[in-house]
Amino acid sequence: MKSYYNIAVSELQPGMVLGENLFDQDGNVLLSSGMILKQSYIHKILGTHLLEVRVEKMEDDSERFEEDAFLNTSGTEDEQNGSVFQARAQAREVVRQSLQEVLINNAVNGDLIISVVNKIIEELLNQEDIVINLSRLRVVDDYLFEHSVNVSIYSIITGIMMGLNKEKLVILGTGAMMHDVGKMLLQKEILNKPGLLSDDEYQHVKQHTTLGYELLMRTNKIHPEAALIALNHHERLDGNGYPKGNSTNDLTILSKIVAVVDVFDALTSDRVYSKRINHFKAMEYICSMTDVHFDEMVTKTFIKTVGYFYRGLVLQLSNGDIGVVVREDKALPVVKIVIDSHNQKVTSNFEVDLKKNPTIRIQDVFIRNRQMLIDDIIEQIS
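If you count the sequence shown from 1, position 89 lands on 89 in my numbering, and the numbers rise without skipping.
One should not assume that every hint holds.
To be verified - Derived lysine-lysine pairs resembling BS3-like cross-links, with alpha carbons at most 27 Å apart: (1) LYS336 / LYS304; (2) LYS183 / LYS168; (3) LYS330 / LYS300; (4) LYS281 / LYS300; (5) LYS330 / LYS44; (6) LYS119 / LYS38; (7) LYS355 / LYS304; (8) LYS356 / LYS330; (9) LYS281 / LYS193; (10) LYS183 / LYS119; (11) LYS193 / LYS275; (12) LYS244 / LYS168.
To be clear, the hints were calculated from the coordinates, so they are not data collected in a lab. Values in this document were obtained by computation on a predicted structure and should not be read as measured data.
Construct the complete structure from the given sequences, taking the supplied hints into account.
In structure tokens form, the structure reads like this:
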């Protein structure tokens, strides 16, 4: 006779056998009872609201797990980032609980939020290659929950790459995870309206920054600078943001980080009023708004974080060459060299495919509307 036991989703291993059907939030069967779990199935489960599942108890479980682990020693990107996916799944459930608590009690559990942010930071700091594929973080679900967790994770990664200390990373991750908490206090028919908002409706939606700030300021354990992220993530360097129209001198680096990540994740997500756009197009938009809306150093760091190098972006390579991306790619584009390592103009059609040249890395990024364009660089060395 078969026997079963419940296990936390974070403890699932390849080779385990499901003892029950798993359903998504719409009631559709996600995975069927009796299925042998593969690593890809486990990642799918980790991306749901489930905290534990029922599995079949088998005498030879340990041998089967060891064999499966041996077969997967090559290490796919999913496996390398598995711990981050686990932390993300926990964070999504915490965000869900926290935002629901706002509706019921008009309050947030600060201890719970900070705890899960610390877990994410711990996992990210242990990553050998901290650049994680953003598209794999996304699971079709409620936009606000998904968006909040994605923005937190990528803000933390950007902060790590900018050299922020642990204390600042916790503040950053907390503020990023709760940056849109004020939306829970808006009228749902306006927030979820599929068409264009009227002027009055738009003014109503803009209140979420102030409402979120006020809520976090009265929440135990939430740092005031984290609350400022909720207030200022729609402010822009040129002073044309909201709620106060503050300019660059009034914004912390943490708010500047979340401002970039928030827009990028929103552009690459399906929302009730707009369809997502290509990641490369979204990055091109971010760059076009750098030094107008967004901080240059944050943008450059974020590009390296997510690794979406679009056509026309100017890069400096680790061998000293400067070139233009001619074939956009995640992390490893093809670059046409225009200036060599000796600061000489290159007139021949010389391209470097970074996939085929693993010893050459991307050293620096030139933001097109902020730094010198290629013609300007060439003119200076002529």
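To see whether the hints hold, each was checked on the structure:
no.	hint	verdict
1	LYS336 / LYS304	holds, 19 Å
2	LYS183 / LYS168	holds, 25 Å
3	LYS330 / LYS300	holds, 15 Å
4	LYS281 / LYS300	holds, 16 Å
5	LYS330 / LYS44	holds, 22 Å
6	LYS119 / LYS38	holds, 25 Å
7	LYS355 / LYS304	holds, 16 Å
8	LYS356 / LYS330	holds, 14 Å
9	LYS281 / LYS193	holds, 25 Å
10	LYS183 / LYS119	holds, 25 Å
11	LYS193 / LYS275	holds, 14 Å
12	LYS244 / LYS168	holds, 24 Å
Figure legend: structure checked against the earlier numbered hints; every hint is met.
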